[in-house]
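Protein chains in written order, with our numbering: chain A, 1 to 318; chain B, 1001 to 1522.
What the hints contain is simulated information worked out from the structure, not anything from laboratory work. Backbone N, C-alpha and C fix where the C-beta goes; we use that ideal spot for every residue, glycine too. Treat the hints with care, since some could be wrong.
Restraint-style ranges between C-beta atoms, simulated for each label pair [stated by the list, open to error]:
#1 B:1133 with A:100: 54 to 62 angstroms
#2 B:1072 with A:156: 29 to 37 angstroms
#3 A:156 with B:1119: 25 to 33 angstroms
#4 A:152 with B:1327: 41 to 49 angstroms
#5 A:79 with B:1447: 48 to 56 angstroms
#6 B:1395 with A:79: 26 to 34 angstroms
#7 A:261 with B:1268: 30 to 38 angstroms
#8 A:100 with B:1395: 35 to 43 angstroms
#9 A:265 with B:1163: 28 to 36 angstroms
#10 A:108 with B:1148: 53 to 61 angstroms
#11 B:1429 with A:265: 29 to 37 angstroms
#12 B:1119 with A:143: 19 to 27 angstroms
#13 A:261 with B:1277: 27 to 35 angstroms
#14 A:162 with B:1407: 25 to 33 angstroms
Partial list, computed: chain B residues near chain A (C-beta under 8 angstroms) [what the hints assert, rightly or not]:
#15 1058
#16 1061
#17 1063
#18 1085
#19 1088
#20 1090
#21 1091
#22 1095
#23 1098
#24 1101
#25 1102
#26 1114
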Amino acid sequence: MTVKTEAPSVGNIFAKKKSRVGRDVLAITPATNLALNLLLAFSCILTLIPVYVIVISSITSEASLAANGYRLWPEEFSGMAYRFLFSQGSIVMTAYKNTVISTLAGTVLSVVMVGLYAYPLSRDNFKFGTFFTFFAFFTMLFNGGLVSYYMVTRQVLLLQNTLWALFLPSAFSPFWVIVMRTFYKMNVPSEIIEAARIDGAGEWRTFLQIVVPLSVPGLATVALFSAIGIWNNFFNCLILVDDAQYYSLQFTIYTTLNNIRFLLENADKMQGLVNVSELPSQTFRMAMAVVTVGPIILAYPFFQRFFIKGLTIGAIKG
Amino acid sequence: MQRKFISFFLLVSLLVGILSGCAAPAAAPAGQPAAEQSAGTSASGEVVTLDFYWIGNGDTDQRSLVEAAINEYIEPMIGANISFHIVGWGDWPTKAITALQAGENIDLFFTADWREYMLLATQGLFRPLNDFEGEYGNLLEEYGQDILTGLNPAFITGTQIDGINYAVPTNKELTVPEGFVYNVAVAEEIGFTEADAAAITSLRDLEPWLEKAKAARPDEYPYLTDGSGGFQPFVPGFASGVDSSLISMKFAPDADGNFDETIYSVMETDWAKEYTQTVYEWNQNGWIHPDSGLTTFNTDEVRNSGKFFIQSQPLKGNNIKAQELVNASGNTDLRLAEIYSQPKVNITTHSGGSMFAIPMLSEHPVQAMKYLNLMHSDPKLINMMLFGVEGTHWAYEADGRVDLMNSAWYGAHAGAWTVGNTLLQAVTNKEDPNKNQMLIDYANGSVDHPSLGFRFRTDPVAGELTALTAVADGVSRALRTGYVDPSVELPKFIDALKGAGLDTVKDEIQKQYDAWKAAKGE
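Chain B with its partners taken away, still in its complex shape:
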């Protein structure tokens, strides 16, 4: 009998093992949003509750305190209370988007070009905000005047879909050129001065310095990379949903300021050949970490420990990015400086990096827009949303900066770049007092890329895109970090991309781009 039990137990364990191995992750939600109109209607004068879906690190037990303080402040102003739902970065699709599709009560919903803005807007889940024929009129014009006056016009046009705004962008840095941060400690060891830094205009210019850095610190890998950034000549995030390292457009204007609007296959260019060859040689020389080809390789951790010489980064001007990275590293010995590799050009993906939409099923779109307007005009609300309750979580210092006493709330949500108008925010005592002004001013003198505001609808080529992602998965990064020999692997990769439908996707992008261009010209 005991043996019987043991065999039974083993059999069951085996079955459980098999079943759990087979169990696929829950299928993606399908289906139409179902209208669930159950909650109390908002008659005039009644206080409504706005459900605010916010991306971030996750909820905190300090939320109720912050909500109470904000509600006390905003209720007399707009007749509404707020209820925050903070959903983790990675949980967003399963949690927030499912809630949106299931018709949950949501009044304000975080969205971005990197977080399904185009998809959800074209599915009709977001309310058009500046549509005169809409049920509630032109919400943005009527209740969002402060938003319109505060934002750089490039933000408004850059986040439109066919001339309509489905979400309100955050007023933050607009111009984000690519460049590098380098480790000042290593630079001093090898005699790399600011003049030397200014002279770097291509990857090959870095070679003598990488060689010296390797010689100075033989057990470190001087060039820290995940395969992206640096001297990329193309527009990042050009067609949303399509990897811009496969199909894109030239980023920089020529000497006369004219843009080349050809849509091209990046991997087939001479630049790709030269770039992959360069990083391959560097990898062979031990200048690039051997794990760089893996998606789990955490470049941030290496940078925080200061065991590198140079890394590509999107920058924000005035050494702000370098300072932010140092603050976030928790490493007090780390010193970083910046090198710029691109001119100041405004592109779609930077204008739509952080937005809030009002879902179609929201019952209180007017109050939601009023709240967004406050987020763009009321410093008191903005600082409460950002840092928490004054006196409990933070206090002003003599110079107007913020001393964070309890960072639970500050660390729960996504951060300053999602809270309305960054110009009206206070900064923490670790940051430059003028940081926010410098971020906004950095966009002065920038030019708009001709593709600013172009957004790609992926559904006509959904099958090809899945195939392309499958082909590019792993190989693309391996090539761009010098993990494999490009003279063998690059032609193979191009053939595989073409087999997966690269040209079909390119033609579709061209078609939509031409149509968008024609509509814009009208």
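For reference, chain A alone in the conformation it holds in the complex:
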């Protein structure tokens, strides 16, 4: 199916001037249009400037950053921070690899688990639906706290210092189960499932060939958000990993910033035992932020493909 879009209003400002007669009665006046566009452009710039400053200060030389502070156009450029970041022995490269692997594995695992758990719950003829919905939902409201989480993951599941630690604890999410259950209910009418059953399809065939293709937008949403969730997760690494070999990217940046914050706030209590300037420099931190954003920003356009593919015109007539 094709996507029919109105020409964006930005282009209309000039087009409308030529033929005032044919103007849509509902269209806003060019002046308002211009004002609104300026307003929106202004807010766009406001949100983009911080990102721009991070990128530009990551390629500023340390000395000019210290001397002049943040600037839109630095006095002196330098690739030192990136050279240091990707140098031999820097834990950033290891962390990058760990994060990419665990994001890929975790996203697949998460979609499979959530998709499979939510599907039966969406079916009216599943007897224990209420119980299993509550079973998942309950953990959203109440949890055992940090110490029990710690003991279960480390002492029962033995997850400490493995790559599994980075994604397994957050692979299943009750929130997405509830969302997917609703999505199945909304988008997979029970009549279709009935029809499949009459045609002789078993449960697995129904699920894989009928339900999944109809639910691609929902599953893609789950995939997108779990990919971002796992990419951005530092907590699992914080609790479960103390070997630099398994550090995740977000944890490396989190721990650096957290160290600096702690040392700044407790400088008077620590009586000058540690000097904050021994920690990674400003430009280095900025470069870390830039590489952290990197690939995950591509996840949005990538998943968009699936959103359009999975759409369907209603299968039920009448």
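Add chain B to chain A, keeping to what the hints say.
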């Protein structure tokens, strides 16, 4: 259908936004340590592994090399191997303390007065080390003789809780008076000589110089401050867990050498009025950076760039602090000198600035104590712990100083002040060869403050302390950096502190201090 998807997508995005906004950070761990006795028991003759929890910047991939070298060396000596766990400064509570409370295998645990020593010790998580009735006898006397002979006795008494040591302090600088470092480049521009520096005895004495410094460099802020230090007359870290700029005791003895042991509310004194008024005027004059009132203001970065005249700092004698700051700045043009504003007095917070405890649940307390003893007596082990593997990470130079070839390990852990006995450490080729001896010698001629060794138990007034922290948060720093007008804000602040229970806390400190004093006198 497409519209349906878009609305669904938007709804979900919205929900996610709301939920992530609501999600509070993980609640503080609660509950009792659970005994998890699973790892192999140490029969005699068997080699055990000691898990060593160390604060610092974070783990490094060089750790396994260092561990292998250390293990090879110590295994024949104490029948133990070591496994380091380096946890970030800020991650310490979530990571290390959770591990301790969850009963993880930990044999040696970093602690300090600024890092929950009192709390964890009173919760029973640390083993008493010089308790004759203990399960393993008096560990410190039996296996830690070198620790006892190497340390200044003030360290041992200063880190006790009710006469018992729950951790072994590092032998490092004991006497850390407050003072200032000043930028020599600016001093030369304005003609501020060493004689002028020696004549500074109060904040007001600095005024003519700050004025000149501002005139010489109009776009800089000469007085660099985060609100602490300088000419503070009170004991820093007096009652652990209570901000010493609120309640404390006089730091310096009078002319006859007698200490005034009154516990008082600092903000209500004339000193506080004068001090806040002074910094307020300075802020108005543009002598203090307008961002100084914010906790995110990084004074170190300003100092490293050399764009200041003078800053308060805790000092260590012989210009060592100034040299350390210059080395750490990475700015080769920076030159700093020191001004001292306090006499040499030993206080609790400096004796307990860096310690190692043996957790109650450790299965190998004897080997752990033997390891600590080595950390206080064996230069070879100490230098491996500090710099890494000789030949791989560092090498000796002709004069006995250390040339660091790979600083990954050196930069991962907390640093020299956590490694046993600093007197036995080598120094890097950027430092004075006699630095460590000078640090220890600086304590000669110092006097012990009467409150040395006093530690406050916060639990009877935990509610009041939370309220006080909430009141002081932001306001206290704003006042001490001259961000707000003290003639309006100081009385308001005092009222708010009193409303939050300042006097209750003060009475509790007094009560515990009297009890501690009486017990000590026995």
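Verification of the hints:
no.	hint	in the structure
1	B:1133 with A:100: 54 to 62 angstroms	56 angstroms, holds
2	B:1072 with A:156: 29 to 37 angstroms	34 angstroms, holds
3	A:156 with B:1119: 25 to 33 angstroms	28 angstroms, holds
4	A:152 with B:1327: 41 to 49 angstroms	46 angstroms, holds
5	A:79 with B:1447: 48 to 56 angstroms	54 angstroms, holds
6	B:1395 with A:79: 26 to 34 angstroms	30 angstroms, holds
7	A:261 with B:1268: 30 to 38 angstroms	31 angstroms, holds
8	A:100 with B:1395: 35 to 43 angstroms	37 angstroms, holds
9	A:265 with B:1163: 28 to 36 angstroms	33 angstroms, holds
10	A:108 with B:1148: 53 to 61 angstroms	59 angstroms, holds
11	B:1429 with A:265: 29 to 37 angstroms	33 angstroms, holds
12	B:1119 with A:143: 19 to 27 angstroms	24 angstroms, holds
13	A:261 with B:1277: 27 to 35 angstroms	31 angstroms, holds
14	A:162 with B:1407: 25 to 33 angstroms	29 angstroms, holds
15	1058	5 angstroms, holds
16	1061	5 angstroms, holds
17	1063	7 angstroms, holds
18	1085	5 angstroms, holds
19	1088	4 angstroms, holds
20	1090	3 angstroms, holds
21	1091	6 angstroms, holds
22	1095	6 angstroms, holds
23	1098	5 angstroms, holds
24	1101	6 angstroms, holds
25	1102	5 angstroms, holds
26	1114	4 angstroms, holds
Hint violations for this structure: none, all hints satisfied.
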